[in-house]
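Student: Below, each chain spelled out in residue letters.
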Amino acid sequence: MADPSSRQGLILAILGLRKHFGGVQAVNGVDLSVEPGDLRAIIGPNGAGKTTLFNLISGDLRHDTGRIYFGGEEVSGLPPHRLCRRGLGRTFQITSIFRRLSALENVQTAFLSHHRRHYNILLPARRLYRDEALALLERVGLREQAGKPSGILAHGDQRRLELAIALAGAPRLLLLDEPTAGMAPRERHEIMALVARIAGDTGLTVVFTEHDMDVVFAVARRITVLHQGTVLAEGAPAEVRANGDVQRVYLGQPVTA
Amino acid sequence: MPRAGWLGLLVVALAVAPLALPPFFLQLLTEIAIVGLFATAFNLLMGFGGMVSFGHAAYFALGAYAPALLVKRAGLPMLLALPAAPLAAAAGALLFGFFIVRLSHTYFAMLSLAFAQIVFTVIFKWKALTGGDDGLLDVWPPAALKSPAAYYYFTLAVVGLSLLALRLIVDSPFGYALRSVRENPRRARFIGIDVRRHQLVAFVISGAFSGVAGGLFAFYNGSVFPDFAYFTKSFEPLVVALLGGVQSFYGPLAGAFGFKILEWLVSRQWPVYWPLFLGSIVIVVIVVLPYGFVGLAGGRPWRTRPAAKA
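Protein chains in written order, with this note's numbering: chain A, 515 to 771; chain B, 899 to 1208.
Bound conformation, chain A alone:
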């Protein structure tokens, strides 16, 4: 495992990150380092601090102490829109899209913002980045739904749309908070395979949380296990699976017990 304190060549390095809500220490001294091109799963029981960790990394929440480096630069305390400009994309556990805009407009708006055209008041936006947006919708399997208001799309399609919105910003690092939540098992594997393909094609680094262990062990290159706000274990899927601590707190008792 790379040392987060060196942070050279790391896309994401986190040092001693802490966050408490009242008396609850949600994130309790997390160190984490992610190398470019990684497909990293963050797993852990409910309340382990996964979503809080994501919200800290993405600037949605302010941490109490610790440091966050993104692409070698400290980004602690930067607001989300600035982090986004530096190449951080994310999706949410509860689908977050622009519900009364069409699927196409959702992705177009993300492209407009990414290309810093969002203060332009002179051009008609309808044709701008239309082809790019349609191509991206095609990629996530929503080409046929492009003209529909996104709020009436099926749940799984909304998850795909949110992925497309995040990808439109050409992120270097993509945080996916339970991207398959609420999906049927087959669709889960489909969407994570899609994420893995896109990551492979573009060199995008992905960090995701996921409850379905089948999915995690099928796609993750490395796995970080959180437990009570700290990192319990980290390594390749086989190492994590074999780790006694992880089995005890999370995966269930070892078969031989």
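Please note that a few of the clues may not be correct.
Claimed, not checked - Okay, derived cross-link-like pairs now, SDA-like style, lysine to any residue, Cα gap no bigger than 25 Å in a straight line:
hint, chain 1, residue 1, chain 2, residue 2
1, A, Lys662, B, Pro1188
2, B, Lys1158, B, Leu927
3, B, Lys1158, B, Val1185
4, A, Lys662, B, Ala1012
5, B, Lys1131, B, Gly1120
6, A, Lys662, A, Leu642
7, A, Lys662, B, Asp1069
8, A, Lys662, B, Leu1187
9, B, Lys970, B, Leu985
10, B, Lys1025, B, Leu1066
11, A, Lys662, B, Gly1193
12, A, Lys662, B, Tyr1171
13, B, Lys1025, B, Ala972
14, B, Lys1044, B, Leu978
15, A, Lys662, B, Arg1084
16, B, Lys1131, B, Phe1052
17, B, Lys1131, B, Ile1016
18, B, Lys970, B, Glu929
19, A, Lys662, B, Ala1195
20, B, Lys1025, B, Asp1125
21, A, Lys662, B, Val1068
22, B, Lys1044, B, Trp1162
23, A, Lys662, A, Ala649
24, A, Lys662, B, Gly948
25, B, Lys970, B, Trp1038
26, A, Lys662, B, Arg901
27, B, Lys1158, B, Leu919
28, B, Lys1131, B, Ala1041
29, B, Lys1158, B, Tyr1171
30, B, Lys1158, B, Asn1119
31, A, Lys662, B, Tyr1148
32, A, Lys662, B, Pro900
33, B, Lys1131, B, Ala1012
34, A, Lys662, B, Leu1066
35, B, Lys970, B, Ser1045
36, A, Lys662, B, Pro1083
37, B, Lys1025, B, Tyr1128
It should be emphasised that the hints constitute simulated quantities derived from the structure, not laboratory data.
Given the coordinates of chain A, work out where chain B should sit on it, guided by the hints.
Tutor: Relative to chain A, chain B alone:
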């Protein structure tokens, strides 16, 4: 008939109206155009930005008082003074909006109302400059624009250009981003949009065009009074936009037309009962016509019902 055909017909009808209509109706149409612009500017915030202002009279009043003061105190002619309307209103919107956009929903509305009441109070109390309760009288356009028909054409031209500009803004990348802020501020931040700043820019644009409406009204009315900034005036664009349909760009215009025509019809028969009528109409529209008057014409720009949020 295609949309462009209807629009052409409307333009021709408005252009020949002075040949067919007596001055009273030209004045009514002038007022409709001014209220329509005010409500459309207001709706840039409400319909497209998801921000409900209870204090837009402040920018209407700044737009009315700035050119009126230049005419009365500096002796400028109307055409030189009028550009001060959007400038003063935009400056006020920038100053107040800086604080207002930091809040959302009810708090946004109440702070906008509070600032408008400050504007009202300053105008009301600063007698030496504004004339206080007596207002500023004899604020007239030059002789060439003084007749109802001439001022009607002038108003139509200014309102038409303003609406065109607002339409461009709504359809621009800025407008798309504004809608995304309305739909989901959190998501908007994560596509790189500085939500507060975007809201502030929209607030200033909305304030500036409200100021244009105020400036036009000042010279139409020939005088300006503190109650231009009073909170009852702030509810005018809200009611007009609601009646016409906030989901559509043209809703507030339709609302202004319906509002003013109904006001005239009711007031000339039963002047005391107009507020009662208005209240009843608002209730009926909200319950029966969630898309406002434009909903009658099948206009459902968002296609999904507003209730489908959540």
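Student: Does Lys662 (chain A) pair with Ala1195 (chain B) here, judged by a C-alpha cut-off of 25 Å?
Tutor: Answer holds: Lys662 (chain A) to Ala1195 (chain B) is near 22 Å, not above 25 Å.
Student: Are the Cα positions of Lys970 (chain B) and Glu929 (chain B) separated by 25 Å at most?
Tutor: holds, 23 Å
Student: For the pair we were handed, Lys1131 (chain B) and Gly1120 (chain B), check the Cα-Cα distance against 25 Å.
Tutor: Between Lys1131 (chain B) and Gly1120 (chain B) the Cα gap is close to 18 Å, so the pair holds against 25 Å.
Student: Is the Cα-Cα distance between Lys662 (chain A) and Asp1069 (chain B) 25 Å or less?
Tutor: Holds. Lys662 (chain A) to Asp1069 (chain B) sits at ~18 Å (cutoff 25 Å).
Student: Hey, Lys970 (chain B) versus Trp1038 (chain B), does the alpha-carbon distance stay inside 25 Å?
Tutor: holds, 10 Å
Student: Hinted pair, alpha-carbon criterion (25 Å max): Lys662 (chain A), Tyr1171 (chain B). Please report holds or violated.
Tutor: violated, 45 Å
Student: Are the Cα positions of Lys1025 (chain B) and Tyr1128 (chain B) separated by 25 Å at most?
Tutor: holds, 17 Å
Student: Could you grab the alpha-carbon distance between Lys1131 (chain B) and Ala1041 (chain B) and see if it respects the 25 Å cut-off?
Tutor: violated, 29 Å
Student: Against the 25 Å threshold, does the CA-CA distance of Lys1158 (chain B) and Val1185 (chain B) hold or violate the hint?
Tutor: holds, 21 Å
Student: Has the given pair, Lys662 (chain A) with Gly1193 (chain B), been kept, meaning a C-alpha gap of at most 25 Å?
Tutor: Within the cut-off at roughly 20 Å; holds.
Student: Just to be careful, I want the Cα atoms of Lys662 (chain A) and Arg1084 (chain B) compared with a cutoff of 25 Å; is the pair within it?
Tutor: holds, 22 Å
Student: Tell me if the straight-line CA distance from Lys662 (chain A) to Val1068 (chain B) falls inside 25 Å.
Tutor: holds, 20 Å
Violated hints, listed in ascending order, are 4, 10, 12, 28; each of the other numbered hints is respected by the structure.
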